[in-house]
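Engineer: Chain residues, written in single-letter form:
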Amino acid sequence: DGGITQSPKYLFRKEGQNVTLSCEQNLNHDAMYWYRQDPGQGLRLIYYSQIVNDFQKGDIAEGYSVSREKKESFPLTVTSAQKNPTAFYLCASQRRANNQPQHFGDGTRLSIL
Amino acid sequence: DAKTTQPPSMDCAEGRAANLPCNHSTISGNEYVYWYRQIHSQGPQYIIHGLKNNETNEMASLIITEDRKSSTLILPHATLRDTAVYYCIVRVAGGGSNYKLTFGKGTLLTVNP
Chain A
4 DGGITQSPKY LFRKEGQNVT LSCEQNLNHD AMYWYRQDPG QGLRLIYYSQ IVNDFQKGDI
64 AEGYSVSREK KESFPLTVTS AQKNPTAFYL CASQRRANNQ PQHFGDGTRL SIL
Chain B
15 DAKTTQPPSM DCAEGRAANL PCNHSTISGN EYVYWYRQIH SQGPQYIIHG LKNNETNEMA
75 SLIITEDRKS STLILPHATL RDTAVYYCIV RVAGGGSNYK LTFGKGTLLT VNP
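So the protein lines, in turn, are chains A and B.
Counting from 4, one number per residue, gives the positions in the first sequence under the working numbering.
Counting from 15, one number per residue, gives the positions in the second sequence under the working numbering.
Derived from the structure by calculation, the hints contain no laboratory data.
Any given hint could turn out to be false.
To be verified - Partial chain A-side listing against chain B, Cβ under 7 Å, derived: (1) F15; (2) L46; (3) L48; (4) L93; (5) N102; (6) P104; (7) G108; (8) D109; (9) G110.
Where a beta carbon is used, it is the ideal one built from N, C-alpha and C, also for glycine.
Model the full assembly from the supplied sequences, consistent with the hints where possible.
Structural biologist: Have a look at this one:
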C-alpha cells in the first residue's frame, strides 16, 4: 500500500541527547513536511522540503535539523538545543501541483525521560 | 490564509448524515477549501478539497456556497468510526511556505449508537 511511514511510534529522549525521527513515503511525492502538535493545539510547521537536497525552515525550526538526500525520506533530528521537545511529531508529503492535499503519517510521540 | 470558523462540537446518530459547517468569509479567489479529520493520537486524514464547485469522493461530499464564504462537509452515513475532530482549512495554491497547513480548533464530531 502507498503511504507515509513514521517510526518509531513512541520515543524517549534523555537530557542532552539528540534523537532522529524517521519519515518515509512511497507515494512519489516531491514535497515533504514536518509539523509539531502540542496537546489541544494546532499544527506548527518545523521544516519543509520541495525537492531533494533542498529544505527550508518553517515557523519553529530552532533546535531541529533535517536532511533530504532521497526523495522518499525526510528524517527529523531533535537536538539537545530544543528545550521543550515533548510533543506529537507529524510528517506529511504532497505532490508538486499547488492545490494537491498533504497526506500525513501516523506520527511519533516524543517524551523526555 | 483565510480564517475559518467551525462549531466546537456536534453530535450525529449512527447511520444518519453528518453535516459539518465552516465559515470562511474572507476567502480569496485563489484559495482552496480542504477538509481533514484527526482521530486521537493519529495523524490527520485528508478527506476532500475544492475551489468553487461541489465535490464528492468515496468518503464525503463538499458543498461550497456560490459566494464561497462558507462550505459544508457531508458524511452521508456516519459510523462510530467517524468520531473525530474535523478541520476546515483554507489555503492559497502557491509555493514555498504557503504550503503549510494551518489547523484551527476544528469540530469534534461524536457519532452516537
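Engineer: All hints are to be evaluated individually against the structure, with a verdict given for each.
Structural biologist: Against the structure, the hints come out as follows:
1. The criterion of a C-beta within 7 Å of any C-beta in chain B is not met by F15 of chain A, whose closest approach is roughly 16 Å, and the hint is violated.
2. Given the 7 Å rule on beta carbons, the hint for L46 of chain A holds: about 5 Å separates it from the nearest Cβ of chain B.
3. With a cut of 7 Å, the hint placing L48 of chain A at the interface with chain B holds, because the nearest CB-to-CB distance is about 4 Å.
4. Interface restraint check for L93 of chain A: the shortest CB-CB distance to chain B comes to about 5 Å, inside 7 Å, so the restraint holds.
5. Because the smallest distance between the Cβ of N102 of chain A and any Cβ of chain B comes to about 4 Å, under 7 Å, the interface hint for this residue holds.
6. Look at P104 of chain A: its Cβ gets to within about 5 Å of chain B, closer than 7 Å, so that hint holds up.
7. Interface hint at G108 of chain A: satisfied, since its Cβ lies 5 Å from the closest Cβ of chain B, which is below the 7 Å cut-off.
8. For D109 of chain A, the shortest C-beta to C-beta distance to chain B is roughly 5 Å, which falls under 7 Å, so the interface hint holds.
9. For G110 of chain A, the interface hint holds, since its Cβ comes within 7 Å of a Cβ in chain B; the closest pair sits about 5 Å apart.
In this structure, the one hint that does not hold is number 1.
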